[in-house]
Amino acid sequence: MLAACRLQYAESRRQPAHLMALATTPLFTAMFLSITLHAGDPRAVVYAVIAPGLINLWFLSLDLGGESVSRERWQGTLELLFAAPASLAAVVFGRVLAVAGLAGLTFLEALLVARIGFGVTLEIRHGVLLAAAVAVTLFAMAGTSTAFAGLLVLSREVLLFQNSLTYPFYILGGCWCRSACSPGGCSRSGGWSSCPGRPTSSGTPSTGRPSRDGRGGWPSSPSSGRPRWPPARR
Amino acid sequence: MTAAVRVLSQSARLGIDDFRSVYTWRSWLAGWLLRMLAQVAFFGSIGLLVGSRAEIGYLLVGNAVVLVCLEATIVVISVSVERFQGTLPLFAASPASPMLVYLGRGLHWMGTGLATSAVTLTLLPPLFGLPLSPPRVAACLPVLLVIAVSSYCYGSFLASLVARFPQFNWLALNVGYLAIMTVAGVNVPVDFWPGPVQAVANLLPVTHGLLAVRRLLDGGGLAAAAPQVAAELLVGAGWLAASWLSYRRFFRRSRVTGSFDVG
Chain A
1 MLAACRLQYA ESRRQPAHLM ALATTPLFTA MFLSITLHAG DPRAVVYAVI APGLINLWFL
61 SLDLGGESVS RERWQGTLEL LFAAPASLAA VVFGRVLAVA GLAGLTFLEA LLVARIGFGV
121 TLEIRHGVLL AAAVAVTLFA MAGTSTAFAG LLVLSREVLL FQNSLTYPFY ILGGCWCRSA
181 CSPGGCSRSG GWSSCPGRPT SSGTPSTGRP SRDGRGGWPS SPSSGRPRWP PARR
Chain B
1 MTAAVRVLSQ SARLGIDDFR SVYTWRSWLA GWLLRMLAQV AFFGSIGLLV GSRAEIGYLL
61 VGNAVVLVCL EATIVVISVS VERFQGTLPL FAASPASPML VYLGRGLHWM GTGLATSAVT
121 LTLLPPLFGL PLSPPRVAAC LPVLLVIAVS SYCYGSFLAS LVARFPQFNW LALNVGYLAI
181 MTVAGVNVPV DFWPGPVQAV ANLLPVTHGL LAVRRLLDGG GLAAAAPQVA AELLVGAGWL
241 AASWLSYRRF FRRSRVTGSF DVG
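Chains A and B, in that order, give the protein sequences. Read in this note's numbering, the first sequence has 177 at position 177, and its numbers run on one by one without any break. Read in this note's numbering, the second sequence has 222 at position 222, and its numbers run on one by one without any break.
Read the hints as simulated data drawn from the structure, not as lab findings. Yeah, the Cβ is synthetic: ideal placement off N, Cα and C, and Gly gets one too. A hint or two may mislead.
Cβ pair distances, simulated, as ranges [unchecked claim]:
hint, chain 1, residue 1, chain 2, residue 2, range
1, A, 73, B, 89, 52 to 62 Å
2, A, 76, B, 16, 30 to 40 Å
3, B, 16, A, 19, 55 to 65 Å
4, B, 81, A, 13, 35 to 45 Å
Which chain A residues stay away from chain B? Per the calculated CB distances, all over 10 Å, these [what the hints assert, rightly or not]:
hint, residue
5, 1
6, 80
7, 170
Partial selection, computed: residues in chain A whose CB lies under 8 Å from chain B [said to hold, decoys possible]:
hint, residue
8, 16
9, 24
10, 129
11, 132
12, 168
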């Protein structure tokens, strides 16, 4: 499993497509933060910073992990893999674990973009709990991805499935907000107030409290009266 | 001129055949279209979390319209596939202009992008309690076509760069359209960003066309939208010129250096 993990890292280092998540994370983070800051809802900032990491975790698991068996087939190494005394599942899981590790980097990247680009820092109240939650999520995603690897190898058009399984899962998986925020979910549960992070008197999301210099005091645009980037620092 | 049109249309037909080898009606509707609807719904749900009705409407319209751009820029992949298939030496030796072949290779993506965007603009806002008037949506279709053209020209420029480094195809496509989604007024108004970013946004496709669509949906007439449509066309013409020059330079260098191999 470790050998497969090392092999995947060596491959990914030389493949621009494998490192794509590192290039798209700043854009996703900027996009989500701009929406949040423009809406003037600093309590939702935590979702804006975490969502890019979750999105990239799913994307990488589906794209690189899910394709790992297919790639072996295209490279003509699948037969050798079957003939080897090592377990195929261990090899696939090792590769997928490396991919999950790569996705883990995007969480840190999003935090950096938020801090450097937008002056937004997340105060983490329960660091150990957060680290455990991220580790468990990475492990769970590695498992899911291993299952996908076995499934996608059956398809003639892997890309079609990979494409189709992105945004529907971002919604269902609650990458931004839990499914109660979808239109159907809101109507069932009594409207927008049921969404986490809505400005309520009860306070902030439980994963951590976003603290930002200049919180609540967005400088207004002269034309629209809406907040602008970068936010003012107090 | 007739020969150029013939080359373009043959190239476009090749692209359509490629597309049909991947998608059937069923897989396009249940796979691609559903995914695109989910993408816009995802951003709409962010609006539900953080915004007012106006905010939700802004996100839904912006993200529905940008789908045209997303699909038009897939020409990047079509061109890189051509490179991976090793057809460049044949193009270089043929009497037809290889630039025309590459420029026509993904024309079908404009058609599918238009369809996706129009369907999304019609179906999703009512689900979020913000129905749009069908005549107003219909009035936006010509503007969507203009956005499709300007985005395709932008995508062709990216494709001309990717023709040199095909291994960067997915990176160029994703970064290319995500940059537009970030700064071109899709999710927040362009004036949210600092001056230099606004300047870049004004040179990107979608920025002006989307503003025109918003004005039409707000009940503004043609006079309100026309300047932005003209600006969008101008931006598209600029990207077309850039891609033409870039392709010309690429083919010239390939002929001089003999570097026809992939990558």
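Verification of the supplied hints:
Look at residue 73/A against residue 89/B: about 29 Å separates their beta carbons, and that is not inside 52 to 62 Å. A C-beta distance of roughly 32 Å is found between residue 76/A and residue 16/B, which places it inside the suggested range of 30 to 40 Å. Taken as a hint, the range 55 to 65 Å is violated for the pair residue 16/B and residue 19/A, whose Cβ atoms sit roughly 33 Å apart. Judged by the Cβ atoms, the range 35 to 45 Å given for residue 81/B and residue 13/A is violated: they are separated by roughly 25 Å.
Separation of residue 1/A from chain B is adequate, the least Cβ-Cβ distance of about 28 Å exceeding the 10 Å criterion. Every C-beta of chain B lies more than 10 Å from that of residue 80/A, the closest at about 24 Å, which supports listing it as non-interface. Not every beta carbon of chain B lies more than 10 Å from that of residue 170/A, the smallest distance being close to 5 Å; the non-interface claim is violated. Of the supplied interface hints, the one on residue 16/A holds, with its beta-carbon coming within about 5 Å of a beta-carbon of chain B, less than 8 Å.
The beta carbon of residue 24/A is positioned within 8 Å of a beta carbon in chain B (closest approach about 5 Å), and the interface hint is therefore held. With a least beta-carbon distance of about 23 Å to chain B, the hint placing residue 129/A at the interface is violated under the 8 Å criterion. Interface restraint check: residue 132/A against chain B, minimum CB-CB distance 26 Å, threshold 8 Å, status violated. Of the supplied interface hints, the one on residue 168/A holds, with its beta-carbon coming within about 4 Å of a beta-carbon of chain B, less than 8 Å.
Checked against the numbered hints given earlier, this structure breaks hints 1, 3, 4, 7, 10, 11; the rest are met.
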